[in-house]
Amino acid sequence: MNVSFHGACREVTGSCILIESDGVRFLVDCGVFQGRKFALDRNAKPFDFDPRSIDFVILTHAHLDHCGRLPKLYREGFRGQVFSTAPTRDFAEIILLDSARIIYAEAMLHKKKPLYYDYDVIGLMNLFEPLQYGKEKKVSPRVRIRLQDAGHILGSAISEVWIKNDEQEEKLVFSGDLGNPPVPLLKDTAIIKDADYLFVESTYGDRVHESKGERRKLLKEAILGSVGRSGTLMIPAFALERTQEVLYELNHLVETGKVPAIPIFVDSPLAIKATEIYKKYSRMYDKESRALIESGDDLFNFPGLEYTRAVQQSKKINRIRPPKVILAGSGMCIGGRIPHHLKFNLGDPNSHLLIISYQVAGSLGRRLFEGAKQVTIMGQRVNVKAKVSAIGSYSSHADQFKLLKWIKHFNKSKLKKVFIIHGEEKAGLALATEIRKGIKANTTVPEYTKKYNLSQ
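For the sequence shown, our numbering begins at 691 and goes up steadily by one.
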């Protein structure tokens, strides 16, 4: 049995793992590489394998760095099944259709061929087979899979895979992206107790987040500070999960009178669609959130909140006098509507950019996070005079402490190897060191496209 890594390998984006075992070939995720551009040349390169040879794909969740190349896979001949949870299937549809639109516009601008078209997304969606958490699925005579709640975003999954070779069956566990519990709306990350081979993310493998109580306090202080300065608070947020989590927090702060009901804009058509899907699957929320809904509280609606779908509505936001809060995509400040608001407001010393998402190397968000005094946005040089700060505990990824805590539940006598993936090299190596020290497991931080023989 061989495994190779075709993304998220000593880096965060582009998740794509290929497993090959006696004629069975499948992928875990097939995401885009993200950075300065939405679709880098690297995404346009042919796959290192024949898409027609892939029997099935397990999709852990619907973030673009995990699902964004699936339509390309389909376009190039893949016709197997895609296994995911039902929310992941619904989120993937709206996110991939949105990405197809952006990729097409970007390709036309640079006179390049698009990675895929909207009709490729439509064709791909017919291949999805939603699975319930905890229910086994026999996908071939030799392969069984089961999805468990990762607690990362609604519908995110840890994948358990059993592969039988001759008379021996081995178990592989793919963490996907692990959550950062406790968080609003979501249940805690499921505990898995055994595996022969573990594939674990390391996005924050070298650091520890602030406490959950601290993050609500920091959000409240950011809002009150903007009110006091009559400034604009800008929060770049992923349309899926981060926007809904912040809305949950804002709902509490406004309805309990801890912050005034100033104008708060959700300026992202994609986030608005994702919020509707969140409402559809409220039965999957944690107990606290379900109790609030049963009491009559609409978690995504409160005084001062306005959802802006149309472009003209978005343009009007910057004509409204502050104080105000703008929650807009994208989370890394690549594309979406947040660049327009940054261009308009970063030069204002009374304004505040609050970063609550991971910022990949090379992105505009990363440069601002690292203290850039001048940036180029949409071809225009912008002096950065606004306050820039970050809240790490809004991350939907487990930090080093929680990653190690999760891994410690595995049966050490059975665990043959741990592959550290989905993290920049520094984070991956740091987590590998801690696993070796604390858990004494054999660890590998794999290399891009290198094939590893699990039988050796």
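Hints were generated in silico from the structure; no laboratory data involved.
Since we're looking at a predicted model, the values are computed, not measured.
Where is the CB? At the ideal position from N, CA and C, for every residue including glycine.
Hints may be right or wrong, so weigh each one.
Stated by the list, open to error - With a Cα cut of at most 25 Å, we get these calculated PhoX-like pairs of lysine-lysine:
| hint | residue 1 | residue 2 |
| --- | --- | --- |
| 1 | 1005 | 1092 |
| 2 | 1127 | 1116 |
| 3 | 1092 | 1102 |
| 4 | 910 | 948 |
| 5 | 1116 | 854 |
| 6 | 854 | 877 |
Stated by the list, open to error - Simulated restraints, written as ranges between beta carbons of each label pair:
| hint | residue 1 | residue 2 | range |
| --- | --- | --- | --- |
| 7 | 976 | 807 | 31 to 41 Å |
| 8 | 977 | 1051 | 32 to 42 Å |
| 9 | 807 | 1127 | 44 to 54 Å |
| 10 | 1051 | 807 | 49 to 59 Å |
| 11 | 859 | 1132 | 13 to 23 Å |
| 12 | 1130 | 732 | 31 to 41 Å |
| 13 | 856 | 1103 | 18 to 28 Å |
| 14 | 710 | 918 | 19 to 29 Å |
| 15 | 1000 | 1103 | 43 to 53 Å |
| 16 | 1008 | 713 | 56 to 66 Å |
| 17 | 1011 | 939 | 17 to 27 Å |
| 18 | 946 | 1010 | 52 to 62 Å |
Worksheet item: At the C-beta level, are residue 976 and residue 807 separated by a distance inside 31 to 41 Å?
Response: holds (38 Å)
Fill in: Consistency of beta-carbon spacing, residue 1051 to residue 977, with hint 32 to 42 Å
holds (38 Å)
Discussion item. Residue 854 and residue 877 were given as a pair; does the straight-line alpha-carbon distance stay at or below 25 Å?
Written reply: violated (32 Å)
Discussion item. For a C-alpha distance cap of 25 Å, please report whether residue 1127 and residue 1116 respect it.
Written reply: Cα-Cα ~17 Å, so holds.
Item to complete: Starting from the range 49 to 59 Å, see whether the pair residue 1051 and residue 807 falls in it by beta-carbon distance.
Response: Violated, at about 29 Å.
Practice prompt. Take the C-alpha atoms of residue 910 and residue 948, compute the straight-line distance between them, and say whether it is at most 25 Å.
Written response: Within the cut-off at roughly 7 Å; holds.
Worksheet item: So does residue 859 sit 13 to 23 Å from residue 1132, Cβ to Cβ?
Response: holds (20 Å)
Discussion item. Holds or violated: residue 1092 and residue 1102, Cα atoms, limit 25 Å.
Written reply: holds (18 Å)
Discussion item. A range of 56 to 66 Å was offered for this pair. Does it hold for the Cβ distance of residue 1008 and residue 713?
Written reply: The hint (56 to 66 Å, Cβ to Cβ) holds, given that residue 1008 and residue 713 are roughly 58 Å apart.
Worksheet item: Does the alpha-carbon distance linking residue 1116 and residue 854 stay inside the 25 Å limit?
Response: violated (35 Å)
Item to complete: With 43 to 53 Å as the target window, see if residue 1000 and residue 1103 comply at their CB atoms.
Response: violated (59 Å)
Worksheet item: Okay, residue 946 versus residue 1010 on CB: inside 52 to 62 Å?
Response: violated (25 Å)
In summary, the numbered hints that this structure violates are 1, 5, 6, 10, 14, 15, 18.
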